[in-house]
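Asker: Listed below are the residues making up each chain.
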Amino acid sequence: MKSIFKKSVCLYMGMLLTIVLVLASGVLSSCTFIAPYDEKIDDGVSALHGEIIGNLDEEYDAEVYDELLQNVQQLKMRSQAYPKNEHTTEQLGNLSSAIELTEEIHSMGISAADEIALETSLNSIFKSILTLEISKKR
Amino acid sequence: MNADKVAEDMLDAALPILKDSKEKIQEFVYHEFDKLAKNARFIRYQTEVENWTEERAKKHFQMNILATQTALLTVEGLGLIAVERAINAALQAVREPINLAVGFPLV
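First to last, the sequence lines map onto chains A and B.
Reminder that position 63 of the first sequence reads as 63 in my numbering, one-by-one numbering, no gaps.
Reminder that position 83 of the second sequence reads as 221 in my numbering, one-by-one numbering, no gaps.
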């Protein structure tokens with residue numbers, strides 16, 4: 001009885017050691033500090049860029065902005081689903097705030113100077129998000 | 139196993155990646171911050187000379203601040219990716235000698 005117990009303990013310890021070694025090997029083999037590339041976020045952000053810049057030349061339409069904000073929210077939720085993706089999630093939150101501000105300026109009446117300033121800020125936000133996303137390709 | 143040689147090999151594998159990444163990050167930061175600084179000047183000019191209202195100017199400045207924050211998040215993320223690539227390259231460089239030395243696949 002005692003020997004069976006000893007064998008079981010040895011077997012258990014052996015299995016535990018194997019698991020620890022496999023885990024240690026996994027940790028040492030490679031490390032990841034940031035979420036993987038997501039093609040849907042890349043495509044979604046690129047599509048939004050074209051839509052929002054094109055919309056600056058149009059008459060103010062609250063529904064267009066609602067749709068743009070919904071699309072960003074969907075991308076943000078997708079981004080949140082990945083671990084280690086806080087940077088992209090926060091960037092998409094900034095994009096959402098930027099679209100709200102753009103809507104406020106658009107609703108007040110938009111001039112050529114407004115368009116120049118808005119395009120510069122928006123282009124920079126989109127470029128930042130896409131640069132990080134594309135850099136995640138491994 | 140020669141520990142000095144292992145450390146040297148790891149460094150040789152990691153350093154070019156860190157150097158290359160540093161140049162790419164610097165290029166990104168320079169272009170984006172230059173554009174955003176010019177945009178801030180443009181907004182100020184519109185406010186002082188072209189009589190933008192305070193409300194309009196504030197919204198544009200908020201947009202510029204959001205763009206700057208978003209660019210900084212990219213810089214931070216690119217830094218993480220660079221460190222990740224450098225560590226993985228260093229591990230890859232010494233995988234074989236370490237595994238041979240310990241007699242099982244540790245790395």
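Each hint should be verified, as a subset may be incorrect.
To be verified - The calculated lysine-lysine pairs, modelled on BS3-like cross-linking and capped at a C-alpha distance of 27 Å, are:
(1) B:K162 to A:K137
(2) B:K196 to B:K176
(3) A:K127 to B:K162
(4) A:K127 to B:K160
(5) B:K173 to B:K157
(6) B:K157 to A:K127
Worth flagging that the hints you see were computed from the coordinates, not collected in a lab.
It should be emphasised that the depicted structure is a prediction, and the values quoted were computed from it without experimental measurement.
Asker: Could you run down the list of hints and mark each one as holding or not?
Answerer: These are the hints, each one checked on the structure:
1. Using a Cα cut-off of 27 Å, the hinted pair K162 of chain B and K137 of chain A holds, with the two alpha carbons roughly 15 Å apart.
2. For a cut-off of 27 Å, the pair hint linking K196 of chain B to K176 of chain B stands: about 16 Å separates their Cα positions.
3. Straight-line distance between C-alpha atoms of K127 of chain A and K162 of chain B comes to about 14 Å, which keeps the hinted pair within the 27 Å bound.
4. Proposed proximity of K127 of chain A and K160 of chain B is supported: the alpha carbons are some 18 Å apart, at most 27 Å.
5. Taking the CA atoms of K173 of chain B and K157 of chain B, the gap is about 25 Å. The hint holds against a cut of 27 Å.
6. Under the criterion of a C-alpha separation no larger than 27 Å, the hint pairing K157 of chain B with K127 of chain A is consistent with the structure, at around 23 Å.
The structure meets every hint from the earlier list without exception.
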